[in-house]
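Each chain is listed here by its residues.
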Amino acid sequence: MSSGPLRAALLGVLLAIVAGVAFSLLDRPIEQPIAFNHRLHVEDLGSDCTDCHLYAMTGVRATIPNVEVCADCHAEAQTDSEEEALLVAHIASGDPIPWRKLYWVPDHVYFSHRRHTAIGGIECETCHGPMGEASEPMPRPFVKVTMNGCMKCHEQNGTSNDCLLCHK
Amino acid sequence: MSRWGMVIDLDRCTGCGACMAACHQENNLPAAGPEESSRDRAFHWLRLLPEVSGSGAEVKVRYVPQPCVHCDDPPCVRVCPVHATYLSEEGIVAQIYSRCIGCRYCMAACPYNAKVFNWYEPEWPGDLKRSTNPDVSLRPKGVVEKCTFCHHRVVKAREETRAAGREMRDGDVTPACAESCPAGAIVFGDLDDPTSRVSEMTRNPRAFRLLADLGTKPKVYYLAERD
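Quick note, the sequences are listed as chains S and H, same order.
Going letter by letter, the first sequence gives residues 1 to 168 in our numbering.
Going letter by letter, the second sequence gives residues 1001 to 1227 in our numbering.
It cannot be assumed that every hint is accurate.
[Stated by the list, open to error] Stretches of chain S that chain H covers, calculated by requiring three or more beta carbons in the stretch to come under 8 Å of a beta carbon on chain H:
1. 107 to 120
2. 154 to 166
[Stated by the list, open to error] Taking lysine to any residue pairs in the SDA-like style, the calculated list, with each CA pair at most 20 Å apart, reads:
3. Lys-144(S) to Thr-126(S)
4. Lys-1156(H) to Leu-165(S)
5. Lys-1156(H) to Cys-166(S)
6. Lys-101(S) to Thr-63(S)
7. Lys-1129(H) to Pro-106(S)
8. Lys-168(S) to Ile-1096(H)
9. Lys-1156(H) to Thr-63(S)
10. Lys-1156(H) to Gly-59(S)
11. Lys-168(S) to Ala-1094(H)
12. Lys-168(S) to Phe-1117(H)
13. Lys-168(S) to His-1024(H)
14. Lys-1156(H) to Met-57(S)
15. Lys-168(S) to His-1044(H)
16. Lys-168(S) to Lys-1141(H)
17. Lys-168(S) to Val-1077(H)
18. Lys-1141(H) to Val-109(S)
19. Lys-168(S) to His-1152(H)
20. Lys-168(S) to Ser-1098(H)
21. Lys-1156(H) to Gly-120(S)
22. Lys-168(S) to Pro-1122(H)
23. Lys-1141(H) to Asp-107(S)
24. Lys-1156(H) to Ser-112(S)
25. Lys-168(S) to Asn-1118(H)
26. Lys-168(S) to Gly-1142(H)
27. Lys-1129(H) to Val-109(S)
28. Lys-1141(H) to His-167(S)
29. Lys-1129(H) to Gly-1033(H)
30. Lys-1156(H) to His-108(S)
31. Lys-168(S) to Val-1116(H)
32. Lys-1129(H) to Asp-107(S)
33. Lys-1156(H) to Ser-160(S)
34. Lys-1156(H) to Asp-162(S)
35. Lys-168(S) to His-1083(H)
[Said to hold, decoys possible] A few chain H positions that, by computed beta-carbon distances, are all more than 10 Å from chain S:
36. Phe-1117
37. Arg-1197
38. Thr-1202
These aren't lab readings, by the way, just hints derived from the structure by calculation.
Quantities reported herein were computed from a predicted structural model and do not represent experimental measurements.
All C-beta atoms in this analysis are idealised placements derived from N, C-alpha and C, irrespective of residue type, glycine included.
Working from the sequences, and respecting the hints, build out all of it.
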């Protein structure tokens, strides 16, 4: 009889450990290979989002810039920053930078940037948050992408919430 | 708002099967090998139904291409317990795979056998997976799937026309089956636009619909063969 509560307690502790490990594995912060400074590029130097995310207004995917885009300005080092030195080395070797995606939608969702930006007139900040103010890579998205969020915005803007518009 | 429909002219159809092949490629239907096919495990969103008449030297075989007929009163929608299949605003009977629980009630309800079930995890041998269409999801094991009138093409066409600052026109959307048909037997368009080609064809005296007496109001019309 006395081992009953002990067993239950042990099981509880074990479950808590498993849940904790699972949660930490699922919610790991996103680390980038180079500490890109959005604030420096956007606020201080006045770049537009589309200067680097080339297809944010015209394509389905905005695209994450890679060495060929960065090389436009950074073929040679412009500062003595260690992070820029990493970038210059990538450009020199031609190896793609293994950037990690911060925002993504599941495979069964069709999301077109053009449909929302150029056609819908929505600002990048609406879904991405104030990325231009981030001086270090964000470990998690500013705005959590959820179906509820999409549907709420559609409702507010008088856009249809027909499943087929977004689900493929 | 458009109400999409299709007309298939049986006089023009030669039964070549290009529509079936194009549908497979466009909609990421996995290819079943000869062994799987012989066990009746191959499935299609668009089938060629053989129709044999006469016998001996007088035998005549023709094929009737049959996609989902996208009923305006679809029996499959009524029985779906989770709203995974529904009639969209534009008349497309949709299947939302992430909602489907695989109960197959819709398959039992469909009088056209237009729906298929993924009994197995789809296999993509070698590099075939790389050739899949990114606009169409890869369905997992345990869900029902069906022809969608290539709705991803509708979505893209609307985006193109809005970007160009104009309204949709007849012929802006062509599903893969219609695009691939060498005889031009499959025509797709807006049934609510009286000037669309598809609308004109439905007024042809040769026009008929499969199992029309069931009252499901299919939006796929056929033009009967002339004698």
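Next item on the list: Would you check the hint for Lys-168(S) and Lys-1141(H), treating anything up to 20 Å between C-alpha atoms as holding?
Entry: Distance ~16 Å between Lys-168(S) and Lys-1141(H) Cα, so the pair holds.
Margin query: Next pair to validate is Lys-1156(H) with His-108(S); report whether the Cα-Cα distance is within 20 Å.
Written below: 16 Å, holds
Check: Is the Cα-Cα distance between Lys-1141(H) and Asp-107(S) 20 Å or less?
Finding: Roughly 15 Å separates the two Cα atoms, so the pair holds.
Check: Does the alpha-carbon distance linking Lys-168(S) and His-1044(H) stay inside the 20 Å limit?
Finding: 18 Å, holds
Next item on the list: Below or equal to 20 Å on CA atoms is what counts here, so check Lys-1156(H) against Gly-59(S).
Entry: 11 Å, holds
Checklist line | Lys-1129(H) paired with Val-109(S) [C-alpha distance capped at 20 Å] | finding: Holds, at about 18 Å.
Check: Within a Cα-Cα threshold of 20 Å, do Lys-1141(H) and Val-109(S) meet the stated pairing?
Finding: Holds: Lys-1141(H) and Val-109(S) sit about 18 Å apart, inside 20 Å.
Item checked: Distance rule for Arg-1197(H), whose beta carbon must clear each one in chain S by more than 10 Å -> 23 Å, holds
Item checked: Proposed proximity, Ala-1094(H) with Lys-168(S) (alpha carbon, max 20 Å) -> Judged against 20 Å, a Cα distance of about 10 Å means the pair holds.
Next item on the list: Measure nothing beyond the straight line between the CA atoms of Lys-1129(H) and Asp-107(S); if it is 20 Å or shorter, mark the hint as holding.
Entry: OK: Lys-1129(H) and Asp-107(S) at ~14 Å, within 20 Å.
Checklist line | 20 Å Cα cutoff - pair Lys-168(S), Ile-1096(H) | finding: Cα-Cα ~8 Å, so holds.
Margin query: Against the 20 Å threshold, does the CA-CA distance of Lys-1156(H) and Ser-112(S) hold or violate the hint?
Written below: Holds, because 9 Å separates the two Cα atoms, which is no more than 20 Å.
In summary, this structure violates none of the numbered hints.
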